[in-house]
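Given chain A, put chain B in place with the hints provided.
There are 2 protein chains.
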Amino acid sequence: MKLKEIGEFGLIDLIRRKFPAKDKNLVLGIGDDAAIIKITPKRYLIFTTDALREGVHFDLSYYSYQEVGWKAMAANLSDVAAMGGIPTFGLISLGLPKNEKTEDVLKIYKGMNDLAKRYRCKLCGGDIFLSSEIIISITLLGETKPKFLVKRSRAKPGDLICVTGDLGQSQAGLEILKAKKPSKPGWLRKHLKPVPRINQARELVQTLNVTSMIDISDGFGSDLYHIAEESQVGALVFAGKIPISKSLLKMAKVLGKSPLDLALSSGEEYELLFTIKKGQEKKLKLLRRKAPDLKISVVGEIKNEKDGMKILDLKGNLKNLRRAGYSHF
Amino acid sequence: MKLKEIGEFGLIDLIRRKFPAKDKNLVLGIGDDAAIIKITPKRYLIFTTDALREGVHFDLSYYSYQEVGWKAMAANLSDVAAMGGIPTFGLISLGLPKNEKTEDVLKIYKGMNDLAKRYRCKLCGGDIFLSSEIIISITLLGETKPKFLVKRSRAKPGDLICVTGDLGQSQAGLEILKAKKPSKPGWLRKHLKPVPRINQARELVQTLNVTSMIDISDGFGSDLYHIAEESQVGALVFAGKIPISKSLLKMAKVLGKSPLDLALSSGEEYELLFTIKKGQEKKLKLLRRKAPDLKISVVGEIKNEKDGMKILDLKGNLKNLRRAGYSHF
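First to last, the protein sequences are chains A and B.
88 is the number of the first residue of the first sequence in my numbering; add one for each residue after it.
88 is the number of the first residue of the second sequence in my numbering; add one for each residue after it.
Bound conformation, chain A alone (with noise of 0.2 Å):
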């Protein structure tokens, strides 16, 4: 069979039955954001990688080079984040075309570095190769203690859906740049120059009683459905729950799209998909008084298996949840 046809994540589920990575310091392998590795009862180790090929994650003719090693970092980063992590270390295998000039490949760097920065993650090695295309592969290390572990494995019926931020602008930025359609100030930010939800993450693991939690990197309907297979649940969305900004409105009327639609499936977000305890209606006041920047929506509410992957859209009526987002092959 051709990878066309078995896609992405038949691939990675065929590896996980054939080449099944069992020790009794691996808390979690292959099936999240990240491996989990105890290095002592009270410390946990985030190993997690993330590869963007020029051509199919990014195109040079609107992205800069600083901001092509940016983008890099933040999918990485979030992955951290994911696991309710904190970043410590990485190292990066750079695949550049022969011809590629010396200041650009630093600038791809720079734009990992300041990122990575932020975090006070220390970037500590990596591999370069002869490459058709630019291809930045980026390891990562955090850690995190076993109570503030969240994996998407966890979610119960019952459990409310919750986001952070907004969601679409990843998308909506990406098929204006596309389109070459004109664009104002802010809209192409999240497409370009993501920010992951590292410190919110932590807040979130840290405050709520959280059961599961994903990024929302190939786009809300995937990724819900990827919670909901890992935890053997199913769920049901409020289409007028999901936070759209006012922002997005405009670049869907540029676009003629849906804002839903968008919202729906816009990959490369880095926002955090997660779910929660129901009755921490008190807990969910207070983080939003402790952290006036993070925006917490919730969209939903985890139902059992046998009820599947619904939507009330708009106008009311019940609908399957598009499995919408992003798949290589």
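Incorrect hints may have been included.
If chains are identical, the list can't say which one is meant, so a pair holds when it fits in one copy or spans any two.
Unchecked claim - In the DSS-like style, the derived pairs of lysine-lysine whose C-alpha atoms are separated by at most 27 Å in a straight line are:
(1) Lys402 <-> Lys185
(2) Lys393 <-> Lys188
(3) Lys91 <-> Lys125
(4) Lys204 <-> Lys109
(5) Lys364 <-> Lys280
(6) Lys185 <-> Lys91
(7) Lys204 <-> Lys393
(8) Lys337 <-> Lys369
FYI, nobody ran anything at the bench for these hints, they're computed from the structure.
Relative to the frame of chain A, chain B by itself:
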């Protein structure tokens, strides 16, 4: 400046100077086979990455998919060996063309997993992305105790230069494959299915006073320069002491090349090149008895930096040691 002018090592040097990584727990950053991170005063984490790309590092016209996976893993395990460590966990980032067959990808994975398993190293996750050629980027974690850690930078004048095994067969094997020359059983093993010197490195660091170590991935000449530069020393190599197998003599004849030239320039050997304090003849003897399959050759002596990098050739003439070996760009 273009990358082909500054070269792979020039670029790494530049990144190291422009983006120095400092952290109280970072024992060793850019400039060695791996980064070293202190996790407790008695435990050091080894963190290393190495990528192989189709068309640069391997050619599927004479490599099986399984061998490609094996070799990518060998290259990474060898970096852990060079630090005196034990590999523990790995992440795999795979760049794959759309038309690749799923079975072939699983063969690559099997090759990696088969070799990793030998050392109880567990593959616990990774990333998959669309690429025009196959790219295998592996990141490994390992552990060592501070007292067994060996850097590239501690060689001192008077130390003996040693290598494990025999040299030259990887390059000779590659040239035989490329030229489609007739081959004999065992001739190609070193190139297609190299075995990293994990166990041997442990024996060495536990028995001898090893002052510096590197794995031969670029070529003996090139890698001795790496040690010399990091240690700020010179070296004198005795050509007559370079370990050359009977097979290499025959392979060199088939190729019409000098066996010594092959041995000095052959990359991807994954043998260990290391230096030890003088006066350890007894310990060396003991080690040879304890580990009879561990071949160690003393091939030269560390000199002062101002003496440069020299080789006493087979005719007794002192020449400059060629910085032979592979460089990207």
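Here's how the hints hold up against the structure:
Taking identical chains as interchangeable, the C-alpha atoms of Lys402 and Lys185 are never at most 27 Å apart, the minima being 55 Å within one chain and 40 Å between chains. Taking the shortest Cα distances, Lys393 and Lys188 never come within 27 Å of each other, neither inside one copy (55 Å) nor across copies (34 Å). Taking CA atoms no more than 27 Å apart as the test, Lys91 paired with Lys125 passes in neither setting, with 36 Å inside one copy and 43 Å between copies. Taking CA atoms no more than 27 Å apart as the test, Lys204 paired with Lys109 passes between copies only; the shortest distance there is 11 Å, against 34 Å inside one copy.
Taking CA atoms no more than 27 Å apart as the test, Lys364 paired with Lys280 passes in neither setting, with 32 Å inside one copy and 52 Å between copies. Taking the closest pair of Cα atoms, Lys185 and Lys91 come within 27 Å of each other only across two copies (6 Å); inside a single copy the shortest separation is 30 Å, beyond that limit. When the C-alpha separation of Lys204 and Lys393 is checked against a cutoff of 27 Å, the pair qualifies neither within a copy, at 45 Å, nor between copies, at 39 Å. For a Cα distance limit of 27 Å, the shortest separation of Lys337 from Lys369 qualifies neither inside one copy, at 34 Å, nor across copies, at 80 Å.
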